[in-house]
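Once you have looked at the hints, place chain A on chain Y.
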Amino acid sequence: MNLSQTVLGIEFKNPLVLASGIWGITASSWKEVARGGAGAVTTKSLWPHEHKGNPNPTIVSTEHWMLNAVGVPDAGPAKSREEIGEYMKWNPAEGPELSRRVPLIANIIGLSAEEFAAIAREIAPLKPDAFEVNLSTPTFLKLRGKLFAEDEKEVADILGAVKKEIGGIPMFVKLTPNVANIGEIAAAAVRAGADGITAINTLGPGMAIDLKSRMPILAAHKGGLSGPALKPIAVRCIAEIYEATEGKVPIIGTGGVFTAEDAIELMLAGASLVGIGTALADHGASLFGEIAKGMETWCTSEGVRDVSALTGAMHRELIKRGMKGTSMKHS
Amino acid sequence: MPAISLEDRLPKTHRIAKIVRETEHVKTFTFNLSLGARPGQFIMVWLPGKDEVPMSVAMDDGKQLKITFFDVGDLTQELFRLTEGDLVGIRGPFGTQYAWNKGQHLILVAGGYGAAPMYFVANEAVKDNCTIDFVVGARGKEHLLYLKEIEGLKNTTLHVATDDGSVGHKGYNTEVLEMLLEGEKRLATSDKRLEENKVLAANRLPLTAVFACGPEMMMKRISDICAERRVDCSMSLERYMKCGYGVCGNCVVDPLGIRLCMDGPVVKNEIVQKIAEFGKYHRDDLGKKHYFRS
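Going down the list, the protein sequences come from chains Y and A. When the letters of the first sequence are read in order and numbered with this note's numbering, they come out as residues 1 to 331. When the letters of the second sequence are read in order and numbered with this note's numbering, they come out as residues 1 to 294.
Quick caveat, the hints were computed from the structure, so don't treat them as lab data. All of these numbers come straight from a predicted model, not from anything done at the bench. Be aware that a few hints might be false.
[What the hints assert, rightly or not] Just so you have them, the derived chain Y footprint on chain A, three or more residues with Cβ under 8 Å:
| id | stretch |
| --- | --- |
| 1 | 42-50 |
| 2 | 234-245 |
| 3 | 248-262 |
Heads up, the beta-carbon is just placed ideally off N, CA and C, and yes, glycines get one too.
Isolated chain Y, as found in the complex (with noise of 0.2 Å):
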């Protein structure tokens, strides 16, 4: 059974990627990944300039969702360059370490097509194996009252601006759950020139309050949620992405990935790649390993002998039962 596969020309070695946001600060942290047996890792958000977060508390659970407002801070490029440049450089084969090292998503934001143009030209020299452009984290909706990923041209407009500054790099563009029509937002960005599709962002925003103190929890008040609760948004979206872009653009599927059949589920809507985060709360670094035996496991006794099949068997299985689509119009 082989769980490794090659998108846009990057190897991976299991579908299991480190979602960005979570841990993600440093190069310590995505060798710490790698380790632990993610086929690749994604930085926090990175930002052209400093960005200050929110105050406490940012992030609080229970079992059923999480909700975040960390308000995506970041110390700025000299900071990025510095760790992802120890990152590149890291070749574990030289040393004791026993993992080599995995392909390198950056993700960066910024406020404007100017400003993720500035971050993307900061970070290409430096040669991550990916981008991804945050266009959906519900910060924005604090920073300049909505998301870029609501909005096809401020999608196009942005894309357009960033793919000029990374040469053949592959992109892709998280987009947020927050829309209609997630489909065509993701065509759209296609057009623009997205390599790739990575959904879905955090939903909402949630909010929670204390009883005694009648107070919102969260310092901001509101935050994105994510955990257990999101992953039939997350498959209900990348189904749609898969069909609206009729399964030639890869998508990192994350959202409520919490075991190997979570990820699994995820590839059957149309993932090709799987993003894991919420899940490593109280956790550590060892659970991608776990989670890929597991995927390995479920795929040998189905005798799925190679782990992109997976990708979008949802929607053959409907065109073999003669049953076409899975968006509302066509239910």
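Leaving out everything else, chain A in the frame of chain Y:
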């Protein structure tokens, strides 16, 4: 394939049952609740509408929970102004804890507010018939904490060090630790502890362990002293934390990549010695490095 689930990590507010002013800049809050916290673990302390910070648990006896804190930061200054009956949010406990063996000899080294979590250790360890040398250090007499409580513990010897010599040894508590370790061979063969030492020795357990909590440069010195002398040692490390349960990644240390909220705050010295940034720099909420003044 076992299912992995999230745990409840919501803060809940509780009324402050009692406030004790320990020194000019230190207070202890008592809450009528237990989180089942063990010595060395921490909780996140939230003041609604302001901020939330990690704090060591100063005591959790199954009925009441205590925190002891300095009014050094923005939030702790706000907390300092609260009165009994006010609401404070709490979630946890988080992180690793101190572990000892029955009858073991412990040398606890506390700097500043480190005396509070170290007292929690002592209070629990004496129940396991441990003998304790408790070294408390501070700038001067007026900054010493928990002396009366420590003196009230059985099988516990208090040693005090002050920078200005206003009480106890004039100098650092690390110097007292070195003196105690010099005399350790003699101590370890004293009649009183010979029986228990036999049990520990038969199980190849260390006769003595050093636990430390305090300013980073003090702990760096203790880490090196214990590594040189091959003395079993654990200490409470501190890094900026947001979530407290392994999500945010702010407390990841170089070069190991481990999170101190999960693999700490109590870390064995063998690991501490591999944390290259320890005693050199720490990172802020943005991930930016700040170097310690040595």
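Point to revise | chain Y over the stretch 234-245 of chain A, status - at least 3 residues with CB closer than 8 Å | key: holds (count 3)
Practice item. Three residues minimum, CB to CB under 8 Å: does the stretch 42-50 of chain A make the cut for coverage by chain Y? Let me know. Key: holds (count 5)
**Study point:** Check of the stretch 248-262 of chain A against chain Y for coverage (Cβ-Cβ below 8 Å, three residues minimum)
**Key:** holds (count 12)
Checked against the numbered hints above, the structure breaks none of them.
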